[in-house]
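Chemist: Single-letter residue listing:
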Amino acid sequence: MGFQPVKFYQTGTFTIGNRLLEPDERSVQSGQARSNSINSGHRACQGCGEALGARYAIDAAMAESKGQLIAANATGCLEVFSTPYPESSWQLPWIHSLFGNAPAVATGIAAAMKVKGKTEVRVVAQGGDGGTTDIGFGCLSGMFERNDDVLYLCYDNQAYMNTGVQRSSATPPAARTATTMPVGPNPGNAFGQGKNVPEIAMAHGIPYVATATVADLRDLEYKVRRAMKMHGARYIQIFVPCPLGWGTASSDTIRMARLAKESGMFPVFEAEHGEVVGVSKIRHKIPVEEYLQPQKRFAHLFGTNGHPEMVTRMQAIADRNIRKYGLLDEEGC
Amino acid sequence: MYKPFAITLKPGTSLANMTGTWRTERPVYLNRLPPCNNACPAGENIQGWLFHAESGNYEQAWRVLTENNPLAAVMGRVCYHPCETACNRGQLDSSVGINSVERFLGDEAIKRGWKFDAPASSSGKRVLVVGAGPSGLSAAYHLARMGHQVEIQEAGPLAGGMMRFGIPKYRLPREVLDAEVQRILDLGVTLKLNCKVSSIEQSMKDGRFDAAFLAVGAHIGKRAMIPAGDAAKIVDAVSVLRSMEGEDKPLLGRRVVVYGGGNTAVDVARTVKRMGAEPIIVYRRTRDKAPAHDFEIEEALQEGVMIKWLSTIKHAGDSSITIEKMALDDKGFPQPTGEYETLEADSVVLALGQDVDLSLLQGVAGLEIVNGTVQVAPNMMTGHPGIFAGGDMVPSERTVTVAVGHGKKAARHIDAWLQGSSYQPAEKHELAEYGKLNTWYYSDADKTVRPMLDVIRRQTSFDEVQGGLDESTALFEARRCLSCGNCFECDNCYGVCPDNAVIKLGPGKGFQFNYDYCKGCGLCVAECPCGAIKMEPEET
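Heads up: the sequence lines are chains A and B, in that order. Residue numbers 1 to 333, in our numbering, belong to the letters of the first sequence in order. Residue numbers 1 to 540, in our numbering, belong to the letters of the second sequence in order.
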């Protein structure tokens, strides 16, 4: 049933660390010996959720694989800000090829390691939502279908941020992007049927699929470490707010992720072989307004010329998530 | 290196890119003043000692606590805990049970026989403390730990002052008081009982004292003019409570009227209830206007004490009294209504406040006395150099905790005065208000309720009414502390920095910013649970 927080230690396990926990119960990020896989000096914006999410995830994978890890990276913010010639922030073997082929490259690395008999070396592939849900989707589906021994990490910031905030298939309805401007009777991104890649991954029946956010480190680390204990194709989608693309304060990155989860807009769950086995319950339920209003990409929904009917539709999406995944406890919060 | 088609970059080479230059604001660590510490009349570092209690290091917690207040077990019973009223957690669910943890630590210290550290060196100075109440004991304790030779001269037969002769046993068992007094005496403090100081200047000269601290308290019950018949029995509350400690218990009859609405009135009523009488409190105003603490009134009502609100005594006879009903006017003052009622009463106990016995100060030059209290400067010194005063005899709120605070403050100033300097308290940090916290991170945890004695046993015995916490519940309660304004090493800043720009220095050593790479995003400030980081503008 997902990660079980430790109770009553002042902050439980909500904080990154806790001096009162036993050493083996502590998080990777709280340790002085964490690998800092993506080091200082990278050129991500102030308060970048993706830089944070990547360090959380790769440090956890490094801890679980005892440093025997190779990463393949799709094109995107993460690649651009971490590795501008002639510098790199990465502190592990890391390769970038093309925008759309990270899953295939990772598959190749995994095959090479198998041939060389290096069973201890593990492989991750990573990319943003554009490289994962749009451009690299064919390679990703192929990797799933072949059940290649790769953990794919998708850092979901809901648009192509690197190239100037264009819409991706992970962009939520009503959001303003450079290509979905807030004009006309239905401003922002269209209310389509969406593209739920975690569920598409589950439909492949792969061993492990999970979602996580940068607002809950312990849950994120638990999922990465759990995925790393398994073999075959695994997929984790990590929700990483983008201050630039969303129009939020740089200090609000984690709060935004927390509000997305607490409102039901981003369901946090894990699934094995296509079946949901655990969900992170909502702790203090909030209406979607509380999540949407601080973001400039939803500014056109509010104010005198706002679109309350679109907010209502967003609430309906959140309510469906809550119902579908059982995000609230029986008695409600 | 051979590079066939791809480019190979060295790992971690981005360190050459000093992203700290992007910054317009920088985070800095700071300590803010927790509201509990701010509210404590004895100046305890509550957040500080709870920190150690959270780790289960009770002895260290007790040692940090007693740096400011030697009477932990007494405090844990009689303090009205303004700290809990101020506690930020009160706005989250319910305030931390600071008082119950304090009692646990105090009881643990008695049980385990923890002692105070002896003073490192002796100053050779002699200080006379007059009065062995909370203020005098506190001053003696601090002065002794500073290396001074201290002698307490107490007029009464036992130490404790109002803690013994004012506070009933059911609130403060005497063995607890005795243990904490003895621990102070073990520091080398001399206690002379039945030793009434009649002239402070003479006593100082006789004992070759370099300074004196006066803390004689306020033991003379105030009288009110009540027209009374010859046979009417009218006594004052202080003498009733005092006589409870002696061999001869007070004889008050079956129906006892207690006149007043303060804590002393409630104490007397609850005391005579335990002796089998039927007490009635008569108070001229309403319950919400009464100076007694509401929980004390509540406990008294539970025990069957009757209370007549909005009533004054017009006449006292030998077996009955006449009371007049009052009504509050627009300004909230009680006004007579002309409606009378007769109550059966074998005796009337006046609990109308107390005056100070100032006889020992006669003829001392420079003293200023206003409204029966001794005026002191901010350094607790009276108008006479070398004579300091505190507790109930100086103008202030009259509680045990305030008195203990006076004793500590006076001790610090006496110490400085003896060295020919003056004591400058450290500047107070800015307050850690609730809005400065990120309360998301704290686990939901309701306050632990202390066990209460059954009402039947409360009505018939002097057993302690309120029970204590055991180790597991005390630990739980301590861990409810939000550590407002002071880092408790939750690693949040270290974890949430997208730029690895927070350096963790190791357990107990805290953290440090690496300003070479900190971009000034402010995530560490936003996600710090306890408000121990703030943003400051970069210098241009």
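By construction, these hints were calculated from the structure, which means they are not laboratory data. Glycine included, C-beta positions come from ideal geometry on N, C-alpha and C. Don't take every hint at face value.
[Stated by the list, open to error] Partial list, computed: chain A residues near chain B (C-beta under 10 angstroms): (1) Thr11; (2) Ser27; (3) Gly67; (4) Gln68; (5) Glu87; (6) Gln91; (7) Leu92.
Chemist: Each hint needs a verdict: does it hold in this structure or not?
Modeler: Here is what the structure says about each hint:
1. Against a cut-off of 10 angstroms between C-beta atoms, the interface hint on A/Thr11 holds, since the closest Cβ of chain B lies about 5 angstroms away.
2. Interface restraint check: A/Ser27 against chain B, minimum CB-CB distance 7 angstroms, threshold 10 angstroms, status holds.
3. The interface hint given for A/Gly67 is violated, since its Cβ lies 12 angstroms from the closest Cβ of chain B, which is over the 10 angstroms cut-off.
4. A cut of 10 angstroms between beta carbons decides the hint on A/Gln68: the least distance to chain B is about 15 angstroms, and the hint is violated.
5. With a least beta-carbon distance of about 4 angstroms to chain B, the hint placing A/Glu87 at the interface is held under the 10 angstroms criterion.
6. Against a cut-off of 10 angstroms between C-beta atoms, the interface hint on A/Gln91 holds, since the closest Cβ of chain B lies about 5 angstroms away.
7. Interface hint at A/Leu92: satisfied, since its Cβ lies 7 angstroms from the closest Cβ of chain B, which is below the 10 angstroms cut-off.
The earlier numbered hints that this structure contradicts are 3 and 4.
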